[in-house]
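> Chains C and W supply the protein sequences, listed in that same order.
112 is the number that the numbering used here gives to position 112 of the first sequence; each next residue is one higher, with no gaps.
27 is the number that the numbering used here gives to position 27 of the second sequence; each next residue is one higher, with no gaps.
Careful, some of the hints might be misleading.
[Unchecked claim] In silico lysine to aspartate or glutamate, EDC-like type, Cα no more than 20 Å apart, as pairs: (1) K344(W) - D176(W); (2) K423(W) - E94(C); (3) K423(W) - E56(C); (4) K170(C) - D219(C); (5) K452(W) - E149(C); (6) K452(W) - E94(C).
[As the list claims (entries may be wrong)] Pulled from the structure, derived: some chain C residues nowhere near chain W, Cβ distances all over 10 Å: (7) E8; (8) E33; (9) R55; (10) R80; (11) V93; (12) I188.
Please keep in mind that the hints were generated in silico from the structure rather than gathered at the bench.
Since this is a predicted model, take the numbers as computed values, not measurements.
Glycine included, each C-beta is placed from N, C-alpha and C at the ideal position.
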Amino acid sequence: MTQVPMLEIKNLHATVADQEILKGINLSINPGEVHAIMGPNGSGKSTLAQVLAGRESYQVTAGEVLYQGKNLLELPPEERAVAGIFLAFQYPVEIPGVGNLYFLRTALNAIRRRRGLEELDPMDFLALAKERMKRVELDQSFMNRSVNEGFSGGEKKRNEVFQLAVLEPKLAILDETDSGLDIDALRIIAKGVNSLRSKDRAMLVITHYQRLLDYIIPDRVHVMANGRIASSGGKELALELEKKGYSWIEEQQGSKAPKAGARAP
Amino acid sequence: MTANAAVQEIAKREYEHGFVTPIESESAPKGLNEEIIRFISRKKNEPDFLLEWRLKSYRHWLKMQEPSWPNVHYPPIDYQDIIYYSAPKPKKSLGSLEELDPEILATYQKLGIPLEEQKRLAGVAVDAVFDSVSVATTFKEKLAEKGIIFCSFSEAVRNHPELVMKYLGSVVPYTDNYFATLNSAVFSDGSFCYVPKGVRCPMELSTYFRINAADTGQFERTLIVADEGSYVSYLEGCTAPMRDKNQLHAAVVELVALPGAQIKYSTVQNWYPGDSEGRGGIFNFVTKRGLAHVNAKISWTQVETGSAITWKYPSVILQGDNSIGEFYSVALTNNRQQADTGTKMIHLGKNTRSTILSKGISAGRGQNTYRGLVKILKGATNARNYTQCDSLLIGSHCGAHTFPYIEVRNNSSTAEHEACTSKIAEDQLFYCRQRGLSEEDAVSMIVNGFCKEVFRELPMEFAVEAQKLLSVSLEGAVG
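Put together the whole structure using the sequences plus the hints.
Right under this line is the structure:
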């Protein structure tokens, strides 16, 4: 039985302001899998997340991305959301004057409408939202505050996971959702994310630190360096990185020894 | 692809109030002279004092210069090429609402104005001005029970000349400015409201203005007098058909809030803005001012989305001690629209307070100017003003300008001014779209959020209408 991957990235190249950031990414994620992408700053992790979500200031110059077997790159961002792709932003933006819950209900109903489903009325939505807020232990006072306005860094990240829990995407991309969190907030977020793991849903977890992966155990770990995936392995790869640091990967790439299994001394 | 097509389609949608009603009307010949003024006055069976006032205004107007200081640009207006009076020709003399020309009734229904009393919308009493003449006032009897007078200006002149004589021109004198003086000479109708002492008006009063006939100017005059300790909330809406020639709208609104009275005046202005190339549209040159006596409060809320050019500064003269003036404004300019709008708060009394909150949105090639004057005179000890004016830019071909003037003549008063200009950021749009909102919906949501503090001041039904209007006016602003 051959499974259609949730996401298949083939030789993806992308530039930002004429500078090539992604230099040939290959990656395949099946439904039900959680993949982690690690790597030093500037290696292209966040660029990959933005390209997958459809940010227009990022130019794809070569390669292809298939989502459930279909060309993802031709879709505008909102159509990707309708198709089931969600990006938890590294830096969630503030939208002054727009209520947090109102925003989310409008988004959910826009997606439902495009999928030919009935819209949720405010009362049904409220019940859903309250239940999902509990998962990320987000206080109900956040419902009517403006989107991300005046939220602390940790609150913004929890709000992203709350949105993730309400929108229930097929492919969730978490871009450094752990950065700037203390250990308690990290546990809460990981708990929320883990509660969303299912055999039909894939996740791509981007992180700088191994710490998050103690709580969200990935099926696969990839290490990015200089716009490419330099190394892939099981969850033990993350621990190895923790010990040896990123310079080990960069050195390996620098010596142009791409042979499988090649190890630095 | 499909989303793009939808956006295209929406962008092509035109001004939805742009229809013309095929009614017979009775008009004065084009042009302006003393004969025309006598003609208007005769048509309206006016008492002599009013004709004299009109003529005085006209003679003064001849000596005046059209102002050139506003930050707006338009070709010279030929004042002899305008029809100053146009009235729907009555099939017969009107005795009641049921006898109103069905074509006019149909027009107001198209506009969603609840003219028929049985279809009343949450108790809004409406006076409707069609071209130059007020055609119907609903709820008159119900208001009369409380002693409230709400009628067309012409009726007020006939039935309550003493009130008109006492208050007409008492806040905006006939010499005030070029357009107000022109209005004083040729105004044809408008609304009048008087709320007696201690009465709280039980419903929102509303006037709906519509320009229908071609080449017509609309010069209505509104006078609201709130007697001691009374309260009234007044709404004003406006639309016009699409025409490729500019039409002039020069109105005057005078508010008198006697001791302890409160007047809340809300406007949703949606005159035809012209097409995307700037052809046609209404020149909206309006003078609005209120006089607040001791302990009185006057509050202006405006949502300005229409007109090719908007030039208006709803103001409050804080004459009485402890009086309060407020100005809440949303002004949107899209395509080639221009707006130069703001307020004047003149503090004369002690402990007077004023609040100004202005939100300007520029899109397309629109130019949006906030111009405001806060003047605190010597005797206005302990006066306070707070001003916040924010501008939001959409795209890179539009402009936002701010001209605040602050004059404080005593040292016990405070004036605070805050201003900020922002642009809808690409990351805000991307964030919304990633969550599934179309680009148009995202812009509309961000803009509505920006205006929230002002919308909060509008009566409920108006706030909903204002939000919709804003979304419609923004169509085609992105992409």
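> Honestly, which of those hints from before does the structure not fit?
9, 10, 11
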